[in-house]
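Participant: Residues per chain are reported as follows:
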Amino acid sequence: MRDNTLKYVLVLPAVLVVFATAIWPLMESARLSATVGRLNRPGSLDQYIGLENYTWAFFEEPSFWNSVWVTGVYTLLTVGLTTLLALGLALLLAPGGRLRSGVQTLLILPFAMSPALIGVSFRFMFNPEFGLFDAFFGVVMPPLADVSWLADPTLAFAVCVMADVWGWIPFLTLVLIGGLASIPQDTIEAAQVDGASGWRVFRDITLPQLGPVLAVVIILKSIFSLKTFDQIFMLTNGGPGTATQTLSHYIYFNGMKYGQIGYAASVAWLMVIPMILLTYLYAKYVFRKN
Amino acid sequence: MTGKQRKQVWNAVQLTLIMIATFIMLVPIVWIFLAAFKTHVDVYQLKLFFTPTLENFSTVFDDPYRLGEKLFNSTIVALVTVIFAIPIATCAAYSFSRFRLRGETTMLVMILATQFVPAVVIILPFFVMFRDVGLLDTRLGLILVNLAIVMPFAIWMIKGFIDGIPMDTEEAAMVDGSSRLQVIWNIVLPMAAPGLLTAAIFCFIIAWNEFLFALILTNKNAVTLPIGLALFKGEEGDLWNLLSAAGIIIMAPMFVLALLIRKYFVQGMTMGAVR
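As given, the protein sequences belong to chains A and B, one line each in that order.
Heads up: the first sequence begins at 1 in the numbering used here, then just goes up one per residue.
Heads up: the second sequence begins at 1 in the numbering used here, then just goes up one per residue.
What the hints contain is simulated information worked out from the structure, not anything from laboratory work.
It cannot be assumed that every hint is accurate.
[Claimed, not checked] Which chain B residues face chain A? A few, computed with CB under 10 Å, are given here:
hint, residue
1, 28
2, 96
3, 118
Just so you know, even glycine gets a beta-carbon here, dropped at the ideal spot from N, CA and C.
Only chain B is shown next, with the shape it has when bound in the complex (with noise of 0.2 Å):
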């Protein structure tokens, strides 16, 4: 063999394996997809071929499953876990970007560190606290213990973006009189915004897709979505129809907010430590 041809037998094995592994990928996605399209006899066989159906969207809205009102608890919980965290992140993040604080190093760490703290670990107290004050089964509670997991990512987050913002223009505004809060408020925020954004979106993902405060600290009123999964068990076992409509109503949207930010995804999951 020349040397091209080995080169076009190489490119032609890659090009196998890239498809191979998207398609390994794909799979159980497309089968969701294509399960909560099918009726609850077609969604037994192994058809790829079958005549769609949109009852499945309209059965997991209706009772006893009343997927509506997981979704409303979702977002609220998600969306408001965000308005809390962005804030107050950004605030931690501009003074840890801008000055040298005592202790900096210490808290930036234990700021990580929290993020790696099991969540089972934190849920036991929240849990008896909880009970005590009468915040179990509420969205204010779920909202109190999402700020746990979302704050270390969001500071990090908006660290990184507004580490990215170069000096001069702020220190320019401060030499013509404005106070270091107007700096923040007139120049930073608006430079530092299509990050901020960037963050609140992770955040939102992070929150919305939480699994086990909400399964601890909820059981009727205040439900989430992924929690909500677990409804639909009959009396054959799973009604796998009705669970992929309600996992394209979990995933589809956090499909578009992820491909929005895909840029920025690899940097926040890993605070940094890889850009």
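Excised from the complex, chain A in its bound form (with noise of 0.2 Å):
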């Protein structure tokens, strides 16, 4: 076979498979979301209304707006403490050295760990009688102790934002240290031996080259934050009441629960559109590099 034709008959197959699991999902949904769309309603899934599930969201859900509004807070939340604490985090680790090199191994373990395990495990740590940062907050803030966490709204979703930082640090970190050592040391040198303090070198030095891997890291994780599932599901399961309901977990509220799969699909659409834009914003970096 010719190269010219080899090369396409190699991709192929991996097209068919994307095209197959994630652009006809996504068609689909679309066509759904415009449908009435009931799981119990046989026929229901092809009685089309227009974009009356999206009005639906928009102007009698306050339900929806909740949601949206949880996802944004704990996006922001997540995102911004993340990408602070990985940044001290790194800069703490990225000189090397054996102790130094021993603790980036371990930082993998975290995040080989299932977000539905990091789930369970913060609901053990934080039970009222028996969890040992519910112990540990009793000491150091008296007034928190045998809280119950769960079952305060906002106290729940601080529990929530504290497993997602606590499981997203070590990669937000392993990547900074990576991007750290890519900057050429001769500047920092040069600097130093001007007399720049060490501050002055990070701010106007360290922080700008690191400029594009930080972008990298806060796109990034602001996918992973606005699609959060797993660990809310296992941890509060969306409560108490709605006071955590992510957008996913609404979506599967209202699919799968409720079996209003048209009404979940308008929803789930409106979630694509943050996403395409990040996506934007990410390919452009990805491509930059290549």
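Dock chain one against chain two, each of which comes alone in its own frame, and use the hints as you go.
Facilitator: If you want it as structure tokens, here you go:
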């Protein structure tokens, strides 16, 4: 076979798989979002109602706006906290040496943990009777002793954020350590010889050079934060009430528990829009690199 | 304070911070490890010292929990997903790496983008379709949708490895009369083998930890380990000692695999945006 044909034959299976497992479901979701779409009513999946599901979400469902708000705050907090803490940890660990490399190796562990299991483990830690973190916070901040963390809307939200940040810091730290390692050392050394303080070196040399990696990290983390489901499901299942109900959880609940798959698909599509924007930004960085 | 003293103090501060961070990172993991060896009495107390028992590990495999079935499902699903994904991804990755294709950038961006589509969007149509064709609660159904999440990673990761293999050996072999397919089989595959294995392990971990698809598509026969965690609810709430034992069974093998490929973990997750 000539290379000119072969090169397309080689990519064909992959393109077909990606089409069948991603493009088709996206299109089919769009179609479902325009139907009555009740799982228990045969025929309703082909009963078109135009944009009614969308207007329903926008104007008739406060719980939709609640999950938009929850997801927004959750994303801002987790992206901000994870990035800042990971940057700090990366700066601490970047110099290398035996201890620091050892810790770098350990960083892989939380990341290999199933997010569902992270949710379970945090529920365990924050149990008001025998949870380890609960006991710890009880000592550090006595008003928080024996509080039912997951029964209080604000505290439950805080626990979800903590679990997320705990699970993602290791990965972001590893990426940032890689970024720090690729900054040329001579500029830093020259600045130090000229008597620049550690803070000045960080602000004027390290941070600008780290910019692109930092951008990639923030975009990637935003995408994963917006999609959050597993941990929330295992940790609070959206509760108490709907205090920790993210968009993914809201879609799951409406589609699978209430069987309103048409409505769920419309909310799902509303969620795809910010993703397209973030993906565009991300792709720009990836292709600039190659 | 002299400069030297200041440096020593600063070093001590750094070490302390590293220790605190490591401690926070390990505590939840260690606590699960401890709880898995506690009796159902000890687990409800903040005990650091206790008489360890292996009973939890046998209980989770007995009726009514039967974690063995979930372990089997998880293993089969993750393994078969990888067996499908890696060859398909390798062919595509080679082509993307060595040739100029029409619409190449578009295809690569599309592949990248599919990774960012929320899983919950993808699963709604699959649920409807699988219900119609009888693929709900089957391992096959789960394998098909799992391909959706591992393919983009696999393609981008393997492309990265093939990009790193110099082209001259291939060209020399072509001059000597080998066909392109022979070159791929005899030269590229052996050289890319460590990379392929790395990608395979990476995808295995992703498929193993996958949660949402399995939650929606399975309810009895094809339930995987992460979904199995929901089993350990008793009348008085969660059975933490059993949950922890099941937790170890889920995470310990992944820890071993992740440590094997730790150098490539970041590259895999960021799909080449960071090297």
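Participant: Given residue 118 of chain B was flagged as interface, is its beta-carbon under 10 Å from a beta-carbon of chain A?
Facilitator: holds (5 Å)
Participant: Does the CB of residue 28 of chain B sit less than 10 Å away from some CB of chain A?
Facilitator: Result: holds, 5 Å to nearest chain A Cβ.
Participant: If you take the shortest Cβ to Cβ gap from residue 96 of chain B to chain A, is it below 10 Å?
Facilitator: It holds, given that the least Cβ distance between residue 96 of chain B and chain A is near 7 Å, below 10 Å.
In summary, the structure agrees with every hint in the numbered list given earlier.
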